[in-house]
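S.K.: Residue numbers (my numbering), protein chains in the order written: chain A, 97 to 251; chain B, 55 to 381.
It should be emphasised that the hints constitute simulated quantities derived from the structure, not laboratory data.
Every residue gets a Cβ at the ideal spot worked out from N, C-alpha and C, and that includes glycine.
Among the hints, a few may not be true.
What the hints assert, rightly or not - Residues on chain B that point at chain A, a partial pick, calculated with CB under 7 Å:
no., residue
1, Pro194
2, Tyr196
3, Asp200
4, Ile201
5, Tyr204
6, Asn240
7, Leu242
8, Gly246
9, Val247
10, Leu302
11, Asp377
As the list claims (entries may be wrong) - Restraint-style ranges between C-beta atoms, simulated for each label pair:
no., chain 1, residue 1, chain 2, residue 2, range
12, B, Gln335, A, Arg98, 40 to 46 Å
13, A, Pro170, B, Ser138, 53 to 59 Å
14, B, Ser162, A, Ala105, 26 to 32 Å
15, B, Arg360, A, Arg98, 40 to 46 Å
16, A, Glu130, B, Gly141, 30 to 36 Å
17, B, Arg124, A, Met222, 45 to 51 Å
18, A, Leu177, B, Ser162, 33 to 39 Å
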Amino acid sequence: MREIRPELAKRIVWEAAAVEAKFPGRFTLRTSAEGNPIWEGSVPVEGREFPITVVYPIGYPGVPPSLITSLELPLNCPHLLARTDGGATLCWLAPGIGRQRARWDPQRHTAATAMRAAQRWGLAFMVWQVLGRWPVPDAWDWFEQRGAAALRSCS
Amino acid sequence: MKSNRNVNGNGRRSLKLRAVDPRTAFFRDLRRDLSDANVAVLGCGSLGSFAAWALASAGIGKLYLADCDRLSHDNLRRHACTASDVGSGKSSSLARALRCRFPRLQVSAHDYCFLKNPDRLHELLAESTIGLVAIDCEGPKYVVNDILWYLRRPAVFAGIYGGGWGAEFVLVDPARGTACYGCAANSLGRVGVSLNDTQRPPPYAMPSGRNSARRRAPSVEREDERADVNEADPQSPDNLDHWMQASLTSIMPAAGLAADLVTAWLDANHGYQQRLQEFMQEGASAWRLAIRRVPAWRLGPWSLQRINVDGRTACPQRCGIPDEVAA
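Next up, chain B with everything else stripped away, as it sits in the complex:
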């Protein structure tokens, strides 16, 4: 804390404590200023909360935090908020936490369901420079996808698999001609939307204490790979606990990588292309981070793979011919 000594009317000196943004010293090292960037963080769960923290730490000027869920005790093990926030909305709790840490950060909380309020989502994304989508169900992502393509706005979609064995990231940037989220999801093997997402979370949702269904890494594809699997076989009883108990050792790297993708894009937007070019070598717009050994990905532990996603010719975002017409 810095003190500012003022002389009051009686001639006495008084100490006026003024909060200083801890990022101030960091800003002096930056060669570019990200304080003019507005980032919308959609989904303030485990991944979103730490990614928002990382973005604030990187010098983002304004954050819009959006989530319809409330913080529960189960979340505390792997969330940036604290026990005093249990029962409150995740977006507002996270906004409070970030304001305490970064007094000069502009942050607003948006507590609503994306599927029921797509108009508000449209307005939010229209005000943002870039989005970070950390939602743990597929349906809203397709709504976000449509809005991004209409607005020609970029976003990073990030998801960590329950169990924490791996994470996937997709950069959607209509201006750069990347594939849309739908095409990327299909390429990554995620097809369709389960109607009961709340009852049967997709495999990349974090398991909660109430609903800790098994989360398994993709199984081996060939017999000759089984020898490599045993050591980290998610289906082995010896390792099951490891796979089910995702911890911060997997969440924080994934959140960091998601935030890094966002700041790399912002750097490129300011004319500093190098970081984004490193990510997008060979035309990659999606990435897999294997935190454990993932046999089906032939990756890991601690490996990052670039994936080149080709947009489908029938993609609705590119006004391709629908499959039903072509069939």
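So here's chain A without its partners, still in its complex pose:
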């Protein structure tokens, strides 16, 4: 099993405060079979629990973390990057996005940021299940700007 880089370990310790502040008692830090540090837990979405695993990639923080859910998703579910036996990888950042504010920012963003994005993804998924269309082009950015009010305008 690969050892965790000491500078990554130091960063994870820094991020743990944010994870605990935003989702107290909901996530546990573990190591995946490949040796990557992961946060395992669930985020609340409209009263339901949405299971999520936040995976730190090798090049973190130069590369954003991955979000994987073990929830059974429909085969035609949009905004998924991949499906494996371990679950489905969520698309939570629009690739090639030009607006700097909507990018992954290693100086500000943490695993807790990804967990919040998972909440938004879960909410967008629920809207998609009811309305048949994904409410936002990028779950991250759109809700940042407009929040619940915009969501109501979709229905």
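Go by the hints and put chain B onto chain A.
M.R.: Only chain B this time, still in chain A's reference frame:
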């Protein structure tokens, strides 16, 4: 070339040609010896190749050259390597070129992706006295930043804007209490990492023939500045070619300045503080070099500006409280 006449077994004199390091005469003028310095050059593109050349010329003893990219024909217009190196790795090609020029220079090539091999990057920086980061995408820089702070190693981050109108430099030195690269990048207006850096290069990446998107200098901020802009307006059709075609007239000064920052730090490390103090007057740890007139910087042409970067209280390198906790 110096000849060394030897007498062989038959009593005949033979000429034994021995390569002499062209820096030898230069070394005699140096009041301090930089031959014990190991410098890691991360990124062997246009800027990195000439900066490595300048560092070798300045008497650096050992260079570690690292880049995952290969040399293409597009690069030749503005690279220290030659046509015979096209298709080869940039780091190994540059290492060959420098060895030919400086026979006694110790130089090693490291051909790997920094994001996929941060462990190797950690080892490389651990063996280096100082780093010169000339990578043209943001993601790896944050990995380097984390490693530097953990190892308490310094580095100069250098980038030239596509079009060659300006360049920015950041000195990260944990021992001197400078801001980290992330805080400096935020101060300089660079926020975040674009996921598709290879498809949409950041504005400071050099445009290639395949992907020569427009590179524009920051636009004016006020109406009353427009009168000053017209002469070098990057958006003017008359000047567009000038802005898109970065040449060695911008690359080499930027590379020279990057190398100068590195050698100034090394001098300070040897007890000669003056050069570094000149750079870091008033607490500056970042610099902008405007090669053309840059209205948004209110600078140029050919002007250098010192920038004082304050570290963010929420900076991860200083173990500040993350924004999400404070919010």
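S.K.: Each of the hints needs a verdict: does it hold here or not?
M.R.: Status of the hints after comparison with the structure:
Look at Pro194/B: its Cβ gets to within about 5 Å of chain A, closer than 7 Å, so that hint holds up. Evaluation of the Tyr196/B hint against chain A yields a held restraint, the C-beta minimum of about 4 Å falling below 7 Å. With its C-beta approaching chain A no nearer than about 4 Å, Asp200/B sits inside the 7 Å limit, and its interface hint holds. For the restraint placing Ile201/B at the interface with chain A, the shortest Cβ-Cβ distance is roughly 5 Å, inside the 7 Å limit, so the hint holds.
Because the smallest distance between the Cβ of Tyr204/B and any Cβ of chain A comes to about 4 Å, under 7 Å, the interface hint for this residue holds. For Asn240/B, the interface hint holds, the least distance from its beta-carbon to any beta-carbon of chain A being 6 Å, beneath 7 Å. At its closest, the beta carbon of Leu242/B sits 12 Å from a beta carbon of chain A; the interface hint therefore is violated under the 7 Å criterion. Because the beta carbon of Gly246/B sits about 3 Å from the nearest beta carbon in chain A, less than 7 Å, this interface hint is met.
This hint holds: Val247/B has a C-beta 5 Å from the nearest C-beta of chain A, less than the 7 Å allowed. Taken as an interface hint, Leu302/B does not check out: its beta carbon lies about 30 Å from the nearest beta carbon of chain A, beyond 7 Å. For Asp377/B, the interface hint holds, since its Cβ comes within 7 Å of a Cβ in chain A; the closest pair sits about 5 Å apart. With their beta carbons about 45 Å apart, Gln335/B and Arg98/A fall inside the hinted range of 40 to 46 Å.
Distance hint for Pro170/A and Ser138/B: a CB-CB separation of about 56 Å, consistent with the stated range 53 to 59 Å. For Ser162/B and Ala105/A, the hinted distance range of 26 to 32 Å is satisfied, since their beta carbons lie about 28 Å from each other. Judged by the Cβ atoms, the range 40 to 46 Å given for Arg360/B and Arg98/A holds: they are separated by roughly 42 Å. Between Glu130/A and Gly141/B, the C-beta spacing of about 33 Å keeps the proposed range 30 to 36 Å intact.
Taken as a hint, the range 45 to 51 Å holds for the pair Arg124/B and Met222/A, whose Cβ atoms sit roughly 47 Å apart. Between Leu177/A and Ser162/B, the C-beta spacing of about 37 Å keeps the proposed range 33 to 39 Å intact.
Going through the hint list in order, the structure does not satisfy hints 7, 10.
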